[in-house]
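> These protein sequences, in sequence, are chains Z and H. So the first sequence is numbered by our numbering: it starts at 1 and just counts up by one. So the second sequence is numbered by our numbering: it starts at 1 and just counts up by one.
It should be emphasised that the hints constitute simulated quantities derived from the structure, not laboratory data. Check before you lean on any hint, since a few could be wrong.
Said to hold, decoys possible - Computed from the model, here is a short list of chain H residues facing chain Z with C-beta under 10 Å:
(1) Ala134
(2) Ala152
(3) Leu154
(4) Met156
(5) Leu204
(6) Asp206
Unchecked claim - Cut-off 20 Å, straight-line C-alpha distance, at most; resulting in silico cross-link-like pairs (EDC-like, lysine to aspartate or glutamate):
(7) Z/Lys110 / H/Asp139
(8) Z/Lys27 / Z/Glu82
(9) H/Lys27 / H/Asp122
(10) Z/Lys27 / H/Asp122
Think of the CB as a built atom: it goes at the ideal place given N, C-alpha and C, for glycine as much as any other residue.
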Amino acid sequence: MEVSRHWRLRQQRYALVGEVCPHCDVKIFPPRDICPDCGREARTEYQFSGRGEVYSYTTVHDAPAGHEAYAPYTVAVIRLEEGPMVTAQLTDLGDQPIEIGTPVEMTTRKIGEDGERGMLVYAYKFRPVLRPA
Amino acid sequence: MHAPGSALPEILVAGVGLTPIGEHWEKSLRSIALEAMTAAVEDAGGLRPQALFVGNMLAPALSAQTHLGVLLADFAGWRGIEAATYEAAGASGGIALRQAVLALASGEMDRVMVVGVEKLTDRIGSSVEAALAAAADADFEAVQGLTPAAQAGLLMRRYIHEHHVPEHGFAGFSLTAHANAVGNPRALYRRAIRLEDYASAPMLSDPLNLFDAAPVADGAAAILLTRGDRHRPAGERTPIRILASAVATGPLALHDQPDPLGFEAALISAGRAMAQAGMAARDIDLFELHDVFSIYAALALESAGFAERGQGWRLAAEGEISRTGRIPISTLGGSKARGDAGGATGVYQAVEVVLQLQGRAGEAQVPEAQVGMGQCLGGAGATVATHILARADRL
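I would like the entire structure built from these sequences, with the hints used as guidance.
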């Protein structure tokens, strides 16, 4: 069980809280405290909109331990509209075909269980942005 | 002792050894490693190392064993020597080799053994997948169920999209590796495959199929290095010198790479190695790259300067990577068909380059090979170790 580990990441998992560099204004997710662009300290919190588009995607058939129950699942790299990319499962796909460039938005879903009697782990997944009928 | 061309002092290969990669149920991690190390010592005429550097990724997760340096030094009968493990996922063996080169170059040591070893087959299925996935960012990649095959699938789809690769455009990597493995008695899959086999293979992580991915299994490779000014290898063997050794890193997570298809750490690592050797891509006669997934072979060829960006797959499609092509790769089968022993890969590559340069590759021999390069990857190109070796008698 890694209760504290999951707890520590709650702001990122539930609310996509990253950082913005006070020196060069680059948006950063996941938070890393040192700006990857200018190398200076960047600890200012920044909440991302949760909107982005698919940079690439694939399907996992041979799932690692802890994810077997969900296989097969689709995992993607999302380019957030503020700039950074994030790895996340796609959900609520329905009949809508996913392509590179498909607009997606963040949602919160269960991504696993921490051990047999452990707590449920929730995190961000992304779903296609609903289009008006 | 700095020969023209190389920035390194003269570091020579005294001996090499390796085991076949396979499901060695009857052998333990330590016995596989010993087999390779013993072969290297015999090859070196009985030379005893002063230090043992181990490249390993998975023993803590799959064998509940850390502390491999002392385990293997003691098991080999070298009690008292310096020993430690180096870990950088799939690049572990290349990092251990790099550390040996540094130890020798510093003048602190004269004789160093490097062994890359993995024991994967004591566990099966999802626990092995989880151990391999731990090489990615645990908090932001693995937690989402991302696996190494999925990382490669993501890159492959984006590459096909950006560079308009036709269907089965990557098949040449798999076909060439399997064709080459036929000539290697130690290869895991010693049989050629046809395009139909590739085309009908099941998907692993679309568009990546089973034949785009290397099989992982047990194995060990060892190489014993000396400083040329203190221990010159005896015997008839063609002397082989390490001309360059370079490591570079990029962001750990694929999503943190500003340009994932740029394979920047490979570009830096290969560039540093060639600068150190005073060479360019055209001087390299064979390239043992880390074809753990076919997309990585294409990206490695591009970042090392053998193809323009987006054109690496064409080298495979046009036969340029075969043993008689412009830049032979995976000459003994590569990770794809020789088999991939995780963190041992960098040492396998170095040993295979030595066998090619010494004319000991049998049916898999590359004609007229004088300079060879090995390059192993940790993760999706997050850590990259590149080594250039050459026939010392032709420098």
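> Each hint: holds or not?
A quick look at each hint next to the structure:
1. The beta carbon of H/Ala134 is positioned within 10 Å of a beta carbon in chain Z (closest approach about 9 Å), and the interface hint is therefore held.
2. About 9 Å separates the beta-carbon of H/Ala152 from the nearest beta-carbon of chain Z, less than 10 Å, and the hint is met.
3. Interface restraint check: H/Leu154 against chain Z, minimum CB-CB distance 4 Å, threshold 10 Å, status holds.
4. This hint holds: H/Met156 has a C-beta 8 Å from the nearest C-beta of chain Z, less than the 10 Å allowed.
5. Satisfaction of the interface hint for H/Leu204 is found here, the shortest Cβ-Cβ separation to chain Z being roughly 7 Å, below the 10 Å cut-off.
6. At a threshold of 10 Å, the smallest CB-CB gap from H/Asp206 to chain Z is about 5 Å, leaving the interface hint in force.
7. Proximity of Z/Lys110 to H/Asp139 is assessed by CA-CA distance (about 15 Å); at most 20 Å being required, the pair is judged to hold.
8. The suggested pairing of Z/Lys27 with Z/Glu82 holds, with an alpha-carbon distance near 6 Å, which does not exceed 20 Å.
9. For the hint pairing H/Lys27 with H/Asp122, the CA-to-CA distance comes to about 10 Å; that is within 20 Å, so the pair holds.
10. A distance of roughly 44 Å separates the Cα atoms of Z/Lys27 and H/Asp122; the hinted pair therefore is violated under the 20 Å criterion.
Of the numbered hints given earlier, the model fails hint 10 alone.
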